[in-house]
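Same order as they appear, the protein sequences are chains E and G.
Residue numbers for the first sequence follow my numbering, so the first one is 416 and each next one is one higher.
Residue numbers for the second sequence follow my numbering, so the first one is -6 and each next one is one higher.
Keep in mind the hints are simulated off the structure, nothing from the lab.
Among the hints, erroneous ones may be present.
[Unchecked claim] Rough simulated footprint, nothing fancy, chain E against chain G, three-plus residues with beta-carbon under 8 angstroms: (1) 105 to 117; (2) 178 to 190; (3) 244 to 257; (4) 268 to 274; (5) 317 to 323.
[Stated by the list, open to error] Away from chain E, derived, C-beta distances all over 12 angstroms, residues of chain G: (6) TYR6; (7) ASN17; (8) ILE31; (9) GLY65; (10) LEU89; (11) LYS142; (12) ILE151; (13) TYR171; (14) ARG200; (15) ASP293; (16) PRO307; (17) SER310.
Since the structure is predicted, the reported quantities are computational estimates derived from the model, not experimental observations.
All C-beta atoms in this analysis are idealised placements derived from N, C-alpha and C, irrespective of residue type, glycine included.
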Amino acid sequence: MEQFLSYLLPGLMRGSVYTVIALGFIVIYRTTSVLNFAQGELFLLGAYGVYFAIAQAGLPAYFGIPLAFIILGLLGGLIERFTLRPLIGQPVLGIILMTLGLSVFLRGVVVLIWSDITIPVPTIFASGGVKFLGIILPTQYIWFAAISICISVILYLFFTRFSTGLQMTAVADNTQLAQSCGVSVNRVTAAAWIIACIITGAGGYMLCTITGVYPLMGELGLRSLSVVLAGGMESIAGAMIMGPVVGAIEFVLSGYLDPYVGGGLRDVVAFAVLIVFLVFRPQGLFGWKIIERV
Amino acid sequence: MSIQPCGVFNTSYGQCMAAIRTKNQWITFIAFFVFMGISPLIFSGYTISLINRIAIYVVVVHGLNLLTGYTGQISVAQSAFMAVGAFTTGILSTKLGMNLWLCMPFAGIVAGLIGILFGIPSFRVKGLYLALVSIGAQFIIMYVLLHWKSLTGGVHGIFIEPLKLGSIEFIGDSSFYYVAMGMACLVTYFTKNIVRTRVGRAFIAVRDNDIVAEFMGVNLYLYKVFSFFVGCFFAGIGGWLWACYIGSASIDQYSLIDSVWFLAMVVIGGMGSVVGTIFGVCFVEILRESTNIMGPIIGDAIPALGMTVATALPLLSLGVVIVIFLIFEPRGLAHRWEIVKNLYRLWPYSR
């Protein structure tokens, strides 16, 4: 039992970082029906940006971290304006390839600036642990869970209470109707990209304080695709619940099965979850039931 | 295809359906083969190695073009299926002592069957969701190949003996050239014919409107399965070629980013065009080669950037090319080629 808990609890808490990254996917998908495969690289840029601001530029953390995220948000706005807006109305393959191309390009930028070695990211979370149910939990995991819940709640309120958030939902639901009611689709789309980039960057920063950051980490960002899909592509609550669940599945399965399969199971469990959901319940657990079916 | 030169009249169905129709086309066709046959004697080993790579990728990308360009089933896992072909070759030739030539159909069939396995979700979902399945497939296949150590050798991969035919050893660039180019021509011929028969028209119908296609009597499941099989079969054959070419099957050559390169080749060449695939592969491969050459030179010229520029430059250039093509010419190089061809044919009335 104790062993099970020692896999389950860190899994749940680390999975909450997947929730944060998944929220980045969801904000963009909800508004523009673009699934952003460059999310993994935005996730990297969050970690590298903070590293640059604090370790390389020498700014204090309370100033450097917000600055890095603001710049990342602006970058998101630029990406939307110059690469995705010209593609409105194009077939879905073009949009997928555009985000894939962006991810390749951003990875190139990262490699060019910071090389491809592992860099330790300066942390603002206290080290040490808390004993809970007989398991020692690292303090930073508790911070992750708290931050993830905060971001989810804020986003939920944003989408249900604030006018920009409501406009985003309107654009997602029916772009032309929203436009004829006076919603500026361009402004709303740009806002979605800015918000998504900031959220994803925050997720990337949190995860990379544990592992350090290197360019191939970007593929780790793709793992949270399974969270997006399992929770439902538009559902914030879905991501909030499925993030920890997927994290827990990863940790528990790899904890018990790794000795038999030679390790590294954690890298693919999320993708197996993804495929299982796509086959049996493509709209996810909490999604809007408007999936394209054949 | 659309506009025939002056003086070409169809007097029989056979003539109407022939791929090569005019005297000039025959002359170019034969001249091309003669040129291809003697090119190892003309070009240096370096150029031949580039041509070999292009030939192998043409085989792989024809498969992806059938799957994505013609049938509209997005796949970001082509390099994983290539790896399946390569490792099947390695396992069959080392563990079972099978002749390498005999391994080729097996490499294709195993890759094709695994392709069908990951194509099954395509009965329920399409578009975006299918792209997600294929990303999952890429990671899961590579994980299995890496961790099934008793069979695949894990990170070390499998060493493969050079390809032999009688007493001729296909080792080194200029002799392997004939194998690679032969396969590329064969696969191009096969693809060209598949897309202008019933099967190809069914593929296009499935892509353009699957519901209508089913209504018109196209068996959706059958053709989707067949498309996945053929697409991955070609990837497997490409994997066999690649494994024989470099003499080993190893994990690190088939990553997600390679799949993105393949998809970029399809889109840059022009989706749903056989000649476009060849253009796309040539364009992207030459781009990659020139960035590989330029990288160290720029690194030397601007020391502030350091040597990382050599790793970053191919990625940067690929990203930029994809973005530019998608914005300015989503129909790819094949469409440009069509314009140039019609301009020439209709001259002086081409304006």
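Confirm or reject: GLY65(G) is not an interface residue toward chain E, with every Cβ-Cβ distance exceeding 12 angstroms. violated, 8 angstroms
Separation of SER310(G) from chain E, once the least beta-carbon distance is taken, above 12 angstroms: violated, 8 angstroms
Report holds if the minimum CB distance from ASN17(G) to chain E is greater than 12 angstroms, and violated otherwise. About 35 angstroms separates ASN17(G) from the closest Cβ of chain E, which puts it past 12 angstroms; holds.
Taking C-beta pairs only, is LEU89(G) more than 12 angstroms away from all of chain E? For LEU89(G), whose nearest Cβ neighbour in chain E is about 23 angstroms away, the distance exceeds 12 angstroms, so it holds.
Given as non-interface: LYS142(G), partner chain E, CB spacing beyond 12 angstroms: Non-interface label on LYS142(G) violated, nearest chain E Cβ at 6 angstroms vs cutoff 12 angstroms.
Once the closest CB in chain E is found, is it more than 12 angstroms from ILE151(G)? Holds, since 17 angstroms exceeds 12 angstroms.
12 angstroms cut-off, C-beta based - TYR6(G) kept clear of every residue in chain E: Given that every Cβ of chain E is farther than 12 angstroms from that of TYR6(G), nearest at about 35 angstroms, it holds.
Interface-negative label, PRO307(G) against chain E, beta-carbon threshold 12 angstroms: violated, 8 angstroms
For the stretch 178 to 190 of chain G, do at least 3 residues have a Cβ located nearer than 8 angstroms to some Cβ of chain E? violated (count 0)
Is the nearest CB of chain E more than 12 angstroms from the CB of ARG200(G)? violated, 10 angstroms
Are all C-beta atoms of chain E more than 12 angstroms from that of ILE31(G)? holds, 38 angstroms
Are 3 or more residues of the stretch 317 to 323 of chain G near chain E, judged by a Cβ distance of less than 8 angstroms? Coverage by chain E holds for the stretch 317 to 323 of chain G (3 residues, Cβ < 8 angstroms).
When the structure is compared with the earlier hints, violations turn up for hints 2, 4, 9, 11, 14, 16, 17 and for no others.
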